[in-house]
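Q: Residues per chain, in single letters:
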Amino acid sequence: GEDVEQSLFLSVREGDSSVINCTYTDSSSTYLYWYKQEPGAGLQLLTYIFSNMDMKQDQRLTVLLNKKDKHLSLRIADTQTGDSAIYFCAEILNSGNTPLVFGKGTRLSVIA
Amino acid sequence: DVKVTQSSRYLVKRTGEKVFLECVQDMDHENMFWYRQDPGLGLRLIYFSYDVKMKEKGDIPEGYSVSREKKERFSLILESASTNQTSMYLCASSPKASSPLHFGNGTRLTVT
Numbered sequence: 331g332e333d334v335e336q337s338l339f340l341s342v343r344e345g346d347s348s349v350i351n352c353t354y355t356d357s358s359s360t361y362l363y364w365y366k367q368e369p370g371a372g373l374q375l376l377t378y379i380f381s382n383m384d385m386k387q388d389q390r391l392t393v394l395l396n397k398k399d400k401h402l403s404l405r406i407a408d409t410q411t412g413d414s415a416i417y418f419c420a421e422i423l424n425s426g427n428t429p430l431v432f433g434k435g436t437r438l439s440v441i442a
Numbered sequence: 355d356v357k358v359t360q361s362s363r364y365l366v367k368r369t370g371e372k373v374f375l376e377c378v379q380d381m382d383h384e385n386m387f388w389y390r391q392d393p394g395l396g397l398r399l400i401y402f403s404y405d406v407k408m409k410e411k412g413d414i415p416e417g418y419s420v421s422r423e424k425k426e427r428f429s430l431i432l433e434s435a436s437t438n439q440t441s442m443y444l445c446a447s448s449p450k451a452s453s454p455l456h457f458g459n460g461t462r463l464t465v466t
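Those sequence lines, one after another, are chains A and B.
Numbering-wise (this note's numbering), the first sequence opens with residue 331 and increments by one.
Numbering-wise (this note's numbering), the second sequence opens with residue 355 and increments by one.
Calculated from the structure, these hints are not laboratory results.
The beta-carbon is built from N, C-alpha and C at its ideal position, and this holds for glycine as well.
Be aware that one or more of the hints could be misleading.
Have a look at the derived ranges for each label pair, beta carbon to beta carbon [to be verified]:
#1 A:THR355 / B:SER453: 18 to 24 Å
#2 B:LYS367 / A:LEU375: 27 to 33 Å
#3 A:SER341 / B:THR440: 24 to 30 Å
#4 B:THR466 / A:GLY345: 41 to 47 Å
#5 A:THR360 / B:ILE414: 21 to 27 Å
#6 A:GLN389 / B:ILE431: 37 to 43 Å
#7 A:GLN374 / B:SER421: 22 to 28 Å
#8 A:SER337 / B:PRO449: 27 to 33 Å
#9 A:VAL349 / B:THR359: 21 to 27 Å
Just need the whole structure built from these sequences, with the hints factored in.
A: Rendered as structure tokens:
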């Protein structure tokens, strides 16, 4: 089965780190993605990780993948008010012939 | 950069009207997708297309149809709009099935 789950809300103070978590159930996933949606806009690809990796770092973003627990996280260091958005986790299955499966999104609120 | 353009940002239609939502991408992508986004429900896939004149049902195709006569254009059609189709509609494209999606900015449709 394929299901991607995320908590719906997260609130952090400006300057702190944010950690957004995601769990998925299909162990055959090849790529896992993080998308960001700012108010009134479409989704923008933030970063991705291939399933044979444990970690990927890109400036303030760190993606951690725990394949055993099927757990993916996105850490944003030094969170800024501009990071306030909805963050979606998504997976593509190994077959590659099915569309991305998205989580419901985590709304990150950054308090100044 | 890939550009996915949705023809309208906001649309207001009456119950029973036939509604066309247009989406155009400029990067010769094979695949195109239509999602709707509702609070608490995340993104739900309506229809997708892996080639010209091809279409596949997503998770919630009822009440919708699509048209893909040209590679760059994917239209979503509401044959007879109903109030429960009030939503944000997002179009996306990708070069191949296993690639990340590129999204348009969305069309917020209100059916009264």
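Q: So, for every hint listed, does it hold in this structure?
A: For each hint, the structure was consulted:
no. : hint                            : verdict
1   : A:THR355 / B:SER453: 18 to 24 Å : 22 Å, holds
2   : B:LYS367 / A:LEU375: 27 to 33 Å : 31 Å, holds
3   : A:SER341 / B:THR440: 24 to 30 Å : 28 Å, holds
4   : B:THR466 / A:GLY345: 41 to 47 Å : 44 Å, holds
5   : A:THR360 / B:ILE414: 21 to 27 Å : 25 Å, holds
6   : A:GLN389 / B:ILE431: 37 to 43 Å : 42 Å, holds
7   : A:GLN374 / B:SER421: 22 to 28 Å : 27 Å, holds
8   : A:SER337 / B:PRO449: 27 to 33 Å : 32 Å, holds
9   : A:VAL349 / B:THR359: 21 to 27 Å : 35 Å, violated
Hint compliance for this structure: hint 9 is the single one not met.
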